[in-house]
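Assemble the complex: chain D is given as a structure, and chains R and P must be docked to it using the hints.
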Amino acid sequence: MNPVTVNPPVATPFFFYGTAAVMIIGGILVITRKNAVHSALALITTLLAQAALYLMLYAPFVAGVQIILYAGGIMVLFLFVIMLISIERQEKERPFNKQWLVGIVAAAALGGLLIAVYTTTTKGAVLFPEGRVSYVESQNTQGIGALLFNQTTGMYMFAFEIASLLLLVAIIGAVVMAKKRI
Amino acid sequence: MDAMLHISTLHYLVLGAALFLLGVIGVLTRRNVVIVLMSIELILNAVNLNLVAFSRYWQGIHGPSALHGQVFAIFVITDAAAEAAVGLGILIAFFRNKETVNVDEVNLLKW
Amino acid sequence: MHELVQYITSYLGSDQTPGAAGNIFWAVVYVLLVFVGLSIAVICMNWLERKILAHMQVRLGPMRVGPHGLLQPIADALKLLLKEDIIPEGADKVVFWIAPFIVVLAAFTVFVVVPFGPTHAITDMNIGVLFMLGVSSLAVLGIVTAGWASNSHYPLIGALRSSAQMVSYEVAMGLAVVWAIMMTSMSEQGGTLSMIGIVQAQQQQGIWFLFKFFPLGIIAFGIFAIAMVAETNRAPFDLPEAESELTAGFHTEYSGFRWSLFFLAEYSAMIAVSSIAVTLWMGGWLRPFPNLLSGPTWDLAFSLIPGLTFLFLAGMCFYNTVRMPKHPLFKIQTIGLAGFGLVLGLIGLVLFIPAVRVRVNDIFWFSAKVAGFMYLYIWYRGTFPRYRFDQLMKVGWKVLLPVGFSLLILTAVVGMRTELWAQVQEALRR
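Chains as they are written, first to last, in my numbering: chain D, 85 to 266; chain R, 891 to 1001; chain P, 312 to 741.
One chain only, chain D, in its complex shape (with noise of 0.2 Å):
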């Protein structure tokens, strides 16, 4: 077996802001195209940004998921789906609807609240102080299968079942839903 290496991180300010950079244009390009197909593709850009933060974050498993999930899977259904139904007249329709003055009021109120939120702190008091992190990735996957599965440790057995149960109602009523004559 491989030993367990420890990798500290590398050029980490570099690839957090380029990464961040990459996922906030997505996210402007995802919400300001009018044809829908940019935007899958946009949205596709941010998703494989974030498993890239997911990697800088030691979470190898969890960035895994996503490109397999998110990039792979669910944005597949969503290209599918824009190709499908896409007709002609939405490139000359306006993009946004009539509420867009209203919507952008309130984004505005929930980002100064969440700014307050992240600027107060006790006097001179650290938000979130660091602890003693590990730079050890070569566990990550056996540790959630840890605490999945295994009996002593695993806690979250219930909600892995509920969730293929979840899964399970998912499939059927989307392919109920789809159908042309039930």
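Keep in mind that the hints were calculated from the coordinates and are not lab data. It is possible that part of the hints are untrue.
As the list claims (entries may be wrong) - Pairs of lysine-lysine residues, derived as BS3-like cross-links and limited to a Cα-Cα distance of at most 30 Å, are as follows:
#1 D:K263 - P:K705
#2 D:K263 - R:K988
#3 R:K1000 - D:K182
#4 R:K1000 - D:K118
#5 D:K263 - D:K118
Chains R and P only, in chain D's frame:
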């Protein structure tokens, strides 16, 4: 400047908040249902980023096997998949009836 | 300057991959080596496919361009680069331009975790197999956008069919991969998703997973072998890109350099999924019979095989040189073939040097097994008729999926038989 150079949990939270705001603006202002659904996916991703960032913070306090945030993030991704499938099913069923994908043309119950 | 040299040479004695050791220089070197090796492999595959298909159909294949058509791939590449670049009217220019690059990126990024040896990989991620499956599923996105951006019926239908097929067979592939990972959990270091860890589990358990629990390993490998052929849109599952059915499907409107990108991506994807199959079932870089025929003499005998292979190829080149027609127009071709044989012979002789032999052994066995899979791909193309699309989906969902699930349950029961039998006996005793 030095605070900007050392990437801490707060940086990830602020980035998550920015993505959340972009998703909220998308849900509230766009007419195309598919783009509204994609903005919902943006919101869920912002939440996931928060969860995984906090899981890393929790790992610093409780040891390297405290991966609860990551497990939660995996469940959120699973639920997002189910919700996207059902939402797009509804969209297809509605599109078959009314030939439009704009949110403000869903007005059959208007008096 | 001195510390740069220190940085470069500090990796040489390590027993980790460059990614795990954190050495950026060697990681970039390995990336370039994989890139160059992959391009050479795709070029060879082009020639080999045309020649082998031709010989299976009792004809000769390309013979004119170089000696025995050896320069045909280069001529093809030149033609594709010099062709006119046509973009159909009404096509979405940005998406049309991006789509081939998505497919190529997905096909090439997979090779970051492919292990050519215990330290000969670019990196060894903890989630190696998951990463490979995920990134190869990104190719579906490129195909769907390529078909849509062409603004034409045949590409759109071809793209939707092709992506539906790829998504369906990804599920079957995933089940077979889960079977192999379940087998790694039976070794004493515990289960692992990393590619190098899986081969080391096979080495530690002393058996290739192909032969584990005798028919179960072969059935799982069979599921993966069928699913991987469907995943890469190759015969007999190539309806979406067959010329008589859909006029080349999703890449109909792509010409010249863009089409060559799709071609490159398809062959790279073939090599990638073959690498997964070789790593998971056929023991990766391990030589055949590591436990049955062990010992220094057998090691020596098996390590001579790379050199002997190249000498055999050189011998075939010289034999064909002698058989070339004795016409003055063929003089250049004869000299060329003799020169090619000479180069192959020199490589073979270099591979006999002990220092080189030790390092190349792992890479050679891995490449030989992947080359065997490439031959299988070409053999399928020459032998099987094409599946109709509904038959294709039926096989994917109604045959491979139930067989995969029942195989998983059966293997779990067989793998835990001692514990289960103990529990049954205890329950009977009460």
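Cross-check of the supplied hints:
{"no.": "1", "hint": "D:K263 - P:K705", "result": "19 Å, holds"}
{"no.": "2", "hint": "D:K263 - R:K988", "result": "16 Å, holds"}
{"no.": "3", "hint": "R:K1000 - D:K182", "result": "17 Å, holds"}
{"no.": "4", "hint": "R:K1000 - D:K118", "result": "27 Å, holds"}
{"no.": "5", "hint": "D:K263 - D:K118", "result": "29 Å, holds"}
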